[in-house]
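Input sequences plus hints: build the corresponding full structure.
Listed here are the chains, written in short residue letters.
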Amino acid sequence: MKVQDRELAKSISITLRTGILLAVTFGTLGCLLYLPRTGMTQASFHKFQGEQVPFASLHALRAIVQGPASMAERGAAIAQIGVLLLMATPILRVVLSLVSFLREGNRLFAGITVVVLAALAFSVLMH
Amino acid sequence: MTLFVFTGIVLLSSIGAGLVGALTGLGGGIVVTPVLTLLLGVDIRYAIGASLISVIATSSGAAAAYVRDGLSNVRVGIFLEVATTLGAICGALISGRLPTGILAMLFGVVLLHSAWQASQARVETPSRSHQGRLSKLLQLGGSYRTADGEVEYAVSHEGTGLSLMYLAGLLSGLLGIGSGALKVIAMDRVMGLPFKVSTATSSFMIGVTAVASAAIYFKRGYILPQMAVPVMMGVLIGSMLGARLLPRLPVKTLRRIFAIVVALIAVQMIAKGLRGSL
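Residue numbers (the working numbering), protein chains in the order written: chain P, 1313 to 1439; chain V, 73 to 350.
No lab work stands behind these hints: they were computed from the structure. Please note: incorrect hints may appear among the correct ones.
What the hints assert, rightly or not - For lysine to aspartate or glutamate, the following DMTMM-like pairs were computed, each having C-alpha atoms within a straight-line distance of at most 20 Å:
1. 1322/P <-> 1416/P
2. 291/V <-> 115/V
3. 208/V <-> 1317/P
4. 208/V <-> 1416/P
5. 1322/P <-> 141/V
6. 344/V <-> 115/V
7. 1359/P <-> 115/V
8. 324/V <-> 220/V
9. 291/V <-> 1385/P
10. 208/V <-> 224/V
This is the structure we're talking about:
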């Protein structure tokens, strides 16, 4: 591996590890809150509820965590934030690669990374 | 079934999914989806959401180790991501205008053929003589550590590789699947990367491809924490184990596992096309 690639690899690896650690922390915390309280209820996920579930937007999640929701609901919302952190990890990885390419003056790869990022932003914001 | 039992089953099967996903570069949706839909009777849309989370978790869990160990070719990965992400967007935009059933069947047949091909050993030439022009410009070639020391490899046929990646992205946007199989095959059979580098680079890439769809499905309510969290935890554990295992396993064994998994995906794809349940 080339020297600058080693730097890039190191920063990507650290990004991924940090993302995993954060996602697992929130996920575990959330589970510890909701699972003991709802663990004996029936698990029924055979019917799709669509966007009615309160876990489909960051806004709704924040409202649950702050608001007067039950501890079980709060736990589920915290766990879902863990999932969102996992989803943010690959995006952050692309952003940090861009920074790293810009710093080493690799315009070609910086350009390529910008295209990837733009495509990603398009699909995240499109709907 | 109580939520305790449900969570336990999902967690355990996800460990297996992460292990398989990390070793093959495919992401483990092939394990998660049938367990959720067939065994646990979960609605297919929740299963799709969970399987996308599985792909992202495999990618992060495995790539953290693969990238550090220099097994993933980061340059090739980023270069090819352009084509997959653009393809995925085009796929999402034209979905609904194409007969997806026929597409799924065609894709299944292509995968069956690829599975057979992938099971055949290929001479992995350690020379740099076949380096393509674009590959030279972007310095795509690399080296990785094996039991016999550092092995250098060249990257060729970048144009064909890019087109296949675009196709992979297009299909994943159209059919709602992870396209790890095509990614690995394009790198291994067309661009001449060593098999382990191909699967490790695919593991590195699939997170970015999957997150684009996952963001859309998240807003539609496909992702429930009671399902996504045990999947995430299990897959992370499994993929980290897989990433430690991959460097030690012989390429022959890996090819065999890959071929079996791709053949299973192919059969599933053809069945879906025939039933029209896409």
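Status of the hints after comparison with the structure:
At most 20 Å may separate the alpha-carbon atoms for a hinted pair to count; residue 1322/P and residue 1416/P meet this at roughly 14 Å. The suggested pairing of residue 291/V with residue 115/V holds, with an alpha-carbon distance near 17 Å, which does not exceed 20 Å. Taking the CA atoms of residue 208/V and residue 1317/P, the gap is near 16 Å; set against the 20 Å cutoff, the hint holds. With a C-alpha separation of about 18 Å, the suggested pairing of residue 208/V with residue 1416/P holds against the 20 Å cut-off.
Between the alpha carbons of residue 1322/P and residue 141/V the distance comes to roughly 9 Å, so the proposed pair stays at or under 20 Å and holds. For the suggested pair residue 344/V and residue 115/V, the alpha carbons sit about 16 Å apart, so the restraint of at most 20 Å is met. A distance of roughly 6 Å separates the Cα atoms of residue 1359/P and residue 115/V; the hinted pair therefore holds under the 20 Å criterion. Distance restraint check for residue 324/V and residue 220/V: the Cα-Cα separation of roughly 16 Å lies within the 20 Å cut-off, and the hinted pair is therefore satisfied.
A C-alpha spacing of about 19 Å is found between residue 291/V and residue 1385/P, which places the hinted pair at or below 20 Å, so the restraint holds. Distance hint between residue 208/V and residue 224/V is fulfilled; the C-alpha atoms sit about 14 Å from each other, no more than 20 Å.
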